[in-house]
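**Q** Chain residues, written in single-letter form:
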Amino acid sequence: MLPLVLNNVCFAVNGRTIIDRVSMEITAGPRTVILGPNGAGKSVLMRLCHGLLNPTYGSVAWHGAANGRNRQAMVFQRPVMLRRSAVANIAYGLKLAGVSARERELRARDVLEAVDLAGIADRPARVLSGGEQQRVALARAWALGPEVLFLDEPTANLDPGATRDIESLIGQIRAGGTKIVMTTHNLGQAKRLGDEILFLSQGRLVERAPVDRFFTKPASAEAEAFIRGELPWK
Amino acid sequence: MNEIFAAVGEAGRMIARFDAAVVDIVLLSLRVSLTAVLLASLIGLPLGAAIAVGRFPGRRALIVLLNALMGLPPVVVGLIVYLMLSRAGPLGEFGILFTPGAMIIAQTILIAPIVAALSRQVIEDTWQEYREQLRSLGAGPAASALTLLWDTRFSLVTIVLAGFGRAAAEVGAVIIVGGNIDGVTRVMTTAIALETSKGDLPLALGLGIILITLVLSLNAAAYWVKEAAQRRYG
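Quick note, the sequences are listed as chains B and G, same order. Mapping the first sequence onto my numbering, position 8 (from 1) lands on 8, and the numbers just tick up by one. Mapping the second sequence onto my numbering, position 154 (from 1) lands on 154, and the numbers just tick up by one.
No lab work stands behind these hints: they were computed from the structure. Cβ atoms here follow ideal geometry from the backbone N, Cα and C, with glycine treated the same way. Be a bit skeptical, because a hint or two may be false.
[Claimed, not checked] Coverage of chain B stretches by chain G, computed from C-beta distances (three or more under 8 angstroms per stretch; other residues unrestricted): (1) 73–79; (2) 89–98; (3) 215–229.
Taking the hints into account, I'd like the entire structure generated from these sequences.
**A** This is how it looks when you write it as structure tokens:
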């Protein structure tokens, strides 16, 4: 279903423009990290890509696929755990995807096994630690076998240990052939997990560059100021 | 003062020996109010969920109306149901005025708005948390409503028990449409009203004690269910 093509996308709420004329193509392969200061519109752009929001103007289209929703998934900054066990949370996503009852139980347990959470499969999801909840959320998305996985600040609320777990899990999902598109505040994480950077400022896509070049030789003044502001010792 | 103590003592003895008159009245009360709360839940819970999840014209007005209907005076409900069911009324041909059926109808009308309005509130709060995640997983409005009903189940139990408490404790509606006929439509509240005015304090007090015990234990149960569930499921 990739590439995902955004053509002159605008998004406004009550007359306030949040995303301003963004045109881009998200292709299979490189891990894409969306960076930008607070309020730049990173999360909104991601929701537009995922289909949770509809553009006010312009178009978001999966190349060639009539309905991309079933092959893409999203994980949010704060994991939303349903009031049931971890394994049932994963089976729930599979149920909505139309997987049969017997198969979804098996697949849910397999996925939990794969993310090293088999031990907590039957625990109520909402009493798990924040890191475990986020891993269950990732497993729930991964179980759907997505071609593209959107991650909105997946480690923003987590401690360093849990962040490491999530990062290695993202690597695992990526190794399975899933395209990763994520936002982060953490520039170290952007370097570790990104192949290319999309830099947003005030709703505009200011710069798109491979990760090395972005951090060493940013082309735009905004990106340079952002990097300097985030890494003042540089 | 002595008279009151004697009455209390006699009331206690009546309860202890399962006095036939007391037992019949209590059983009828339970039958009427439990049936009413069951019907009110079948109407109110789906309605509450639908309003919480749905977006349609007149939604706000409906919420205001439901909230207002929570305060319906039982005697007014009784009067309206009486007019509907009386010989000259539109539903007069069924001949159910002054039967337990009429009392069930009146109490259902009385508590369905309570169940609907309170469950709408609880479900909508959870909906705020779940909305993006459920949409991302591909849940439509109906699937979302069902998920929310299940995930708020412990709060909904509390709401249903509150509805039962209200039904069991009201006198205005059942006395009008039931007629307080001995052995047919006499329930705890109407019996208390009648026996007090007749001066038969032991029976009135005995029923009063049972009613209060019932309402107290229901509230304790509701509180306990919610506490236990909160600890177990988060």
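**Q** If a hint holds in the structure, say so; if it does not, say that too.
**A** A quick look at each hint next to the structure:
no.	hint	result
1	73–79	holds (count 3)
2	89–98	holds (count 4)
3	215–229	violated (count 0)
In this structure, the one hint that does not hold is number 3.
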